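Visitor: Here is what each chain is made of, one letter per residue.
Number of protein chains: 2
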Amino acid sequence: MTILNPTNINQNVRNLEYAVRGPLVTRALELAKELNNGAEKPFKSVIRANIGDCHAMQQKPLTFFRQIISCATYPSMLDNPDIPEDVKERVNSLLDACGGRSVGAYSESCGLEIVRRHCADYIKQRDKLDQDVDWQNIFLTTGASEVVKVTMSLVNQSSNGKPVGVMIPIPQYPLYSATLCELGMHQVNYYLNEQENWSLNVEELERAYGEAEDQCEIKVIVVINPGNPTGAVLSKRNIIEVVEFAQRHNIMILADEVYQHNIWAEGASFTSFRSAMAEINAKLELVSMMSASKGYMGECGLRGGYGELYNFPLDVRAILYKLLSARLCCSVLGQITMSCVVKPPKIGDPSYEKYEAETKQVLSNLKSKAKLVADTFNSIEGMQCNEVAGAMYAFPRLSLPKKAIDEALAKNQQPDFFYAWQLLESTGVCIVPGSGFGQAPNTYHFRTTILPPPDVFQDMMNRMKSFHQQFLARYS
Amino acid sequence: MTILNPTNINQNVRNLEYAVRGPLVTRALELAKELNNGAEKPFKSVIRANIGDCHAMQQKPLTFFRQIISCATYPSMLDNPDIPEDVKERVNSLLDACGGRSVGAYSESCGLEIVRRHCADYIKQRDKLDQDVDWQNIFLTTGASEVVKVTMSLVNQSSNGKPVGVMIPIPQYPLYSATLCELGMHQVNYYLNEQENWSLNVEELERAYGEAEDQCEIKVIVVINPGNPTGAVLSKRNIIEVVEFAQRHNIMILADEVYQHNIWAEGASFTSFRSAMAEINAKLELVSMMSASKGYMGECGLRGGYGELYNFPLDVRAILYKLLSARLCCSVLGQITMSCVVKPPKIGDPSYEKYEAETKQVLSNLKSKAKLVADTFNSIEGMQCNEVAGAMYAFPRLSLPKKAIDEALAKNQQPDFFYAWQLLESTGVCIVPGSGFGQAPNTYHFRTTILPPPDVFQDMMNRMKSFHQQFLARYS
Ligand SMILES: Cc1ncc(COP(=O)(O)O)c(C=O)c1O
Ligand SMILES: Cc1ncc(COP(=O)(O)O)c(C=O)c1O
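Chains as they are written, first to last, in full-length UniProt numbering: chain A, 1 to 476; chain B, 1 to 476.
Treat the hints loosely; a few may be bogus.
Identical copies carry no separate label here, and so any pair may be met within one copy or between two of them.
Calculated lysine-lysine pairs in the DSSO-like style (CA-CA distance at most 27 Å, straight line) [said to hold, decoys possible]:
(1) K88 - K60
(2) K322 - K33
(3) K322 - K411
(4) K343 - K33
(5) K360 - K371
(6) K354 - K124
(7) K354 - K367
(8) K88 - K33
Don't read these hints as lab results, they were simulated from the structure.
Please read these numbers as outputs of a predicted model, since none were measured by experiment.
With the hints as extra help, turn the sequences into a complete structure.
Guide: Shown next as structure tokens:
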């Protein structure tokens with residue numbers, strides 16, 4: 001007899017799902033171990049395309065970043081003649097901001113002032129603003145994930161006894177559904193339009209709002225742009241429509257903009273919610289977030305991120321910052337990573353050329369894979385894939401044979417999970433079934449990243465293509 | 001008209017308090033800036049004794065730690081001839097465990113297996129166990145703070161509609177009251193016995209339990225050992241009594257053991273809850289936690305920590321780990337810091353001598369300040385301080401003159417806040433009033449750290465002594 005058991009602990013925690021790290025991933029890890037131990041398998045390697053983890057897929061860290069973090073940690077390294085002047089300067093200015101000139105001191109709860117200022121300058125430049133951005137509206141976090149968590153916790157109070165509702169796109173990044181579930185909030189799904197390249201449609205927002213209004217008190221709309229898992233990039237027009245929708249209903253916006261550097265489609269560009277709102281002089285509250293984990297740096301393990309508050313009442317901001325103070329601060333090295341993200345070397349700086357070359361390489365690789373993935377999937381019978389206009393994923397639609405669907409359901413499995421499981425067991429390719437992100441009823445998808453290095457990626461495309469053909473043959 | 005305002009957001013978040021970073025700290029930062037800008041003050045420097053932030057108080061980072069973290073971040077540094085062999089080996093084994101051999105890859109949700117194994121070995125050695133500790137019961141976190149947060153979230157469900165109750169010591173470290181407040185849990189205070197060196201008394205636990213039983217469903221008892229802010233170190237006898245109490249009432253234990261390396265009193269030693277439970281073969285659930293922030297390393301800003309589950313049902317463990325997966329992972333460099341904490345150089349290793357010398361120095365400084373602080377306070381009329389047997393704080397009691405109390409209350413201030421504010425304004429010394437930690441009704445205290453370097457610490461003692469005398473003179 002134990003004190004705790006699955007039924008007497010927090011059922012919200014029990015029920016939450018996080019597909020990106022679900023049972024398929026566990027099985028993929030096992031398979032890799034089995035291969036290592038010499039087991040016979042129909043494949044020679046496991047390819048993990050389940051998670052946006054750039055360095056794990058052999059992407060190389062940027063030298064500028066690593067020199068700064070490393071020297072800030074162990075300043076004797078600054079004597080090394082290989083360390084460029086601009087790195088030394090940055091390290092010294094960051095250390096000046098740390099208690100005792102050590103990254104081992106707690107920073108202020110919202111992060112080092114100097115890094116918050118770097119972020120503010122970045123936003124000003126990115127959005128081509130005339131006015132300065134207030135650095136005090138920026139708070140540094142343990143990855144963008146923490147921005148989501150604290151924002152949801154902050155607003156989680158309804159006036160009518162019903163749960164607080166949060167509108168999220170379907171398909172979505174499962175951090176959202178997991179956080180809402182943990183906090184007992186009501187998930188209000190709005191569907192992205194797969195027929196039109198996963199675009200975001202205001203009538204659909206109104207439908208979702210209208211149908212959920214009775215069950216909850218809707219307070220937030222989440223938009224992910226560029227989209228994970230969809231790869232869609234929203235136009236400024238579209239963003240303004242969302243802002244107007246939010247204004248009509250008096251709800252705040254949480255803009256997940258962690259893929260702002262990952263734009264691939266010709267003619268597409270990133271528009272921040274902040275700049276769209278400024279353009280129409282919209283006065284509603286926005287939280288936008290950025291991360292060190294994506295872009296061309298891909299520093300996931302360093303856990304850097306920031307949130308920016310826009311149009312927030314100062315007293316509410318103070319309460320949010322008090323909440324952050326209870327966890328003391330986020331990793332100072334994560335904060336320093338964010339400084340590198342938002343303030344990279346400029347033309348003329350000693351580190352500039354290397355930095356430019358390294359980032360260009362990463363981005364051009366990703367861009368060609370973004371094209372390759374959609375082309376390959378679209379060349380396969382029974383698969384249909386929208387353009388990967390941004391981010392790091394493709395989310396193709398599967399037309400599964402009825403026999404496969406029946407067999408999956410008989411096994412009590414989602415049909416796309418059934419498909420993904422077989423793909424993993426027979427090819428070693430690990431992807432995430434669409435059901436982990438949400439999808440329209442009776443449609444099936446999966447998400448793959450475009451991160452494996454070009455040769456592995458080509459191999460993966462080949463494995464998936466031949467698996468798919470065999471699967472169709474088997475179940476038709 | 002804004003969408004959010006202080007009354008329509010989460011009132012639990014609005015109400016939470018975190019005194020260690022409250023208004024006094026904000027004022028101390030302002031004063032330091034004013035001094036920097038040449039303002040005239042009755043003091044030459046601000047001394048921040050409000051927070052256990054070792055490096056901010058000039059404690060030097062350990063070379064072994066910083067070499068490892070720095071080389072793991074930027075492996076070209078490994079070629080540096082000054083880097084010892086054991087550092088190279090550790091870095092290589094840690095990088096082998098990282099995706100793509102980069103600390104920029106996400107780790108598994110619970111942390112790198114190799115570091116979890118290091119932690120397990122450490123516990124085995126520390127507690128002189130015959131059997132191995134299961135590394136799968138260990139999860140790595142963003143400081144110990146995160147262990148508290150996820151544990152509380154996990155158990156936050158009651159069967160009778162009443163809030164979940166959590167017993168915490170008074171005085172306590174305000175992370176606990178803040179977390180309980182945020183999660184809407186019921187704080188059940190048990191008072192530590194100031195007359196007997198802040199000891200923990202089982203009758204008092206029974207009293208607290210009995211009186212709260214009607215208002216909540218008590219599920220957890222928190223024990224902080226060594227104590228913050230009390231400086232007390234629990235005996236094994238005392239710990240066993242707590243375990244038996246928890247067994248009687250079928251509640252789990254959360255053991256905050258982050259100060260396990262900080263023991264100063266002659267004859268005192270650290271006993272883990274885990275080992276005490278093993279000794280009496282107690283089968284109830286325990287979560288114990290450790291941090292990189294304290295001890296002799298004081299690496300607060302790197303945000304390393306771990307939790308160990310003991311006697312946890314596997315299905316409940318799986319649910320907790322699923323919750324952790326939704327935040328992806330904690331900082332890999334924080335994880336690597338924990339590896340250094342739990343697996344320092346051994347006798348004979350190239351880094352050993354330097355490491356020994358550095359840690360000895362830190363610990364002996366702290367030890368002498370632990371004695372000095374109590375002796376000084378006890379030499380002051382109207383102050384009474386228990387032995388600082390462990391941790392990094394003193395929590396003396398103040399006998400405040402009635403006139404001072406009246407003036408404070410007239411200003412709507414806690415009398416000890418009133419005292420601390422005046423201390424800050426007239427001497428530049430920043431401490432935290434006892435009301436931030438909780439204290440018996442009509443008693444007044446403050447907490448000071450013992451972290452400032454010896455000369456500054458002596459200066460601080462002098463400033464406090466003369467301030468106190470003036471304060472008494474003024475209000476008597
Ligand atoms: C859309 C989106 N938002 C947020 C995150 C969180 O990333 P992190 O916490 O590593 O910054 C991710 C990670 O994959 C993501 O895809
Ligand atoms: C008793 C106690 N527990 C936990 C913590 C949390 O420390 P961290 O999150 O830095 O590991 C602290 C920090 O001061 C503490 O004093």
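Visitor: Checked against the structure, which of the hints given earlier come out wrong?
Guide: none
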